[in-house]
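J.: The lines below spell out each chain.
2 protein chains.
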Amino acid sequence: MDTQFELIPIGHVERPDPQFDAAEFFDPSRESVIAIDPDWGPALTGLEEYSHLIVLFWLDRAERPTEAPGLRPAESRAELPPVGLFAIRTPRRPNPIGMCVVRLLRREGSRLHVTGLDAWNGTPVLDLKGYNRRDDMRPDATHPDWLERLWAIHDAER
Amino acid sequence: MDTQFELIPIGHVERPDPQFDAAEFFDPSRESVIAIDPDWGPALTGLEEYSHLIVLFWLDRAERPTEAPGLRPAESRAELPPVGLFAIRTPRRPNPIGMCVVRLLRREGSRLHVTGLDAWNGTPVLDLKGYNRRDDMRPDATHPDWLERLWAIHDAER
Numbered sequence: 001m002d003t004q005f006e007l008i009p010i011g012h013v014e015r016p017d018p019q020f021d022a023a024e025f026f027d028p029s030r031e032s033v034i035a036i037d038p039d040w041g042p043a044l045t046g047l048e049e050y051s052h053l054i055v056l057f058w059l060d061r062a063e064r065p066t067e068a069p070g071l072r073p074a075e076s077r078a079e080l081p082p083v084g085l086f087a088i089r090t091p092r093r094p095n096p097i098g099m100c101v102v103r104l105l106r107r108e109g110s111r112l113h114v115t116g117l118d119a120w121n122g123t124p125v126l127d128l129k130g131y132n133r134r135d136d137m138r139p140d141a142t143h144p145d146w147l148e149r150l151w152a153i154h155d156a157e158r
Numbered sequence: 159m160d161t162q163f164e165l166i167p168i169g170h171v172e173r174p175d176p177q178f179d180a181a182e183f184f185d186p187s188r189e190s191v192i193a194i195d196p197d198w199g200p201a202l203t204g205l206e207e208y209s210h211l212i213v214l215f216w217l218d219r220a221e222r223p224t225e226a227p228g229l230r231p232a233e234s235r236a237e238l239p240p241v242g243l244f245a246i247r248t249p250r251r252p253n254p255i256g257m258c259v260v261r262l263l264r265r266e267g268s269r270l271h272v273t274g275l276d277a278w279n280g281t282p283v284l285d286l287k288g289y290n291r292r293d294d295m296r297p298d299a300t301h302p303d304w305l306e307r308l309w310a311i312h313d314a315e316r
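Chains as they are written, first to last, in my numbering: chain A, 1 to 158; chain B, 159 to 316.
Rather than coming from a laboratory, the hints here were simulated on the basis of the structure.
Backbone N, C-alpha and C define an ideal beta-carbon position, used for all residues, glycine too.
Among these hints, one or two may not hold up.
[Claimed, not checked] Some chain A residues well away from chain B (every beta-carbon gap over 12 Å; in silico):
id	residue
1	Glu14
2	Pro16
3	Phe20
4	Asp21
[As the list claims (entries may be wrong)] Per the computed footprint, the stretches of chain B lying under chain A, defined by three or more beta-carbons under 8 Å from a beta-carbon of chain A, are:
id	stretch
5	171-184
6	187-199
7	249-255
8	272-286
[Unchecked claim] Now the stretches of chain A that chain B is said to cover, found in silico as 3 or more residues with beta-carbon under 8 Å:
id	stretch
9	26-34
10	43-50
11	93-102
12	125-137
Chain A on its own, in the form it takes in the complex (with noise of 0.2 Å):
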């Protein structure tokens, strides 16, 4: 494999429930820390003016599939129907990058105080960019039915 194709964690993530519960994980005011390798410190100057940040991160933890599975419905639900793994955010993919959008509540030198972060304790943090309308706001962005119903179940649910 080409050496161009490795990553290094510039940082990880620390949640306030580093053992993971399910009400407090998806507790949309639940405030984490994306710490970033102080010697990658400098390079965060000016990103505090952004009120949301787009982070990419390594689903560590994630069983990595070597070749394409079979379909299935999000979240094996049964109620909704198969599909490719890439019509779903399964954290079981060929490069296991997840990204998630989170509010930036404030920086503190290399430590970044968020809230919406979806992904666990320890996570390695791969990149940071900044979300702006231009590039990542799709108004007339549609998306399939089932999705829907997904969730009103995590509606339901959470």
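Go by the hints and put chain B onto chain A.
T.: Then chain B, alone, in the frame of chain A:
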């Protein structure tokens, strides 16, 4: 380095304008193809139900910093304030992962026809995710003032 931090290309970008030409590159109606390796083709099932996709790709021609570089303005434009690399979309990142939201025109087997892809011809593709309102839309997002100025420059130039 932990071997878990290695990426594989799942396909490549094919552009109609293989030699870079700014006018063609940034033409929002210009159609590109994301050619996914046929082995991963079945995993695309259902992706065509999204109007927009998030594409993650490897910035294979970008210089990769091994430590935090000095502050600089977006696109080295002297009229903008110097900031750290994470505050701009420079390809020169510790992990050179590009991200772009594209419009999906159609899927033909393992070939995805899209517009709005900000990646060069031949760029290795790492991951695809369907864009959706709940995870990816943040209508209340705010960004730095200088970004508005950069967009005004782009609108005048392109």
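J.: Confirm or reject each hint.
T.: For each hint, the structure was consulted:
At the 12 Å boundary, the C-beta of A:Glu14 stays outside the reach of chain B, the nearest C-beta of that chain being 18 Å off. In this structure A:Pro16 is separated from chain B by more than 12 Å, as the shortest Cβ-Cβ distance comes to about 22 Å. The claim that A:Phe20 lies off the interface holds: its Cβ sits roughly 20 Å from the closest Cβ of chain B, which is beyond the 12 Å cut-off. Once the 12 Å rule is applied to beta carbons, A:Asp21 is consistent with being away from chain B; the minimum gap is 21 Å.
Counting residues of the stretch 171-184 of chain B whose CB lies closer than 8 Å to any CB of chain A gives 0, which falls below the minimum of 3, so the coverage claim is violated. Three residues within the 8 Å Cβ limit are the bar, and the stretch 187-199 of chain B against chain A gives 3, so the coverage statement holds. Counting residues of the stretch 249-255 of chain B whose beta-carbon sits less than 8 Å from any beta-carbon of chain A gives 4, enough to reach three: the coverage restraint holds. Requiring three or more residues with a Cβ within less than 8 Å of a Cβ of chain A, the coverage given for the stretch 272-286 of chain B holds, as 4 such residues are present.
With 0 residues bearing a CB less than 8 Å from a CB of chain B, the stretch 26-34 of chain A misses the requirement of three and the coverage assertion fails. Against chain B, the stretch 43-50 of chain A contributes 7 residues with a C-beta closer than 8 Å to a partner C-beta. That satisfies the three-residue criterion, and the hint holds. Judged by the Cβ-Cβ criterion of 8 Å, the stretch 93-102 of chain A is covered by chain B as claimed, because 7 of its residues qualify and three suffice. Residue count for the stretch 125-137 of chain A with a Cβ under 8 Å from a Cβ of chain B: 12. That meets the three needed, and the coverage hint holds.
This entry does not satisfy hints 5, 9, going by the numbered hints stated previously.
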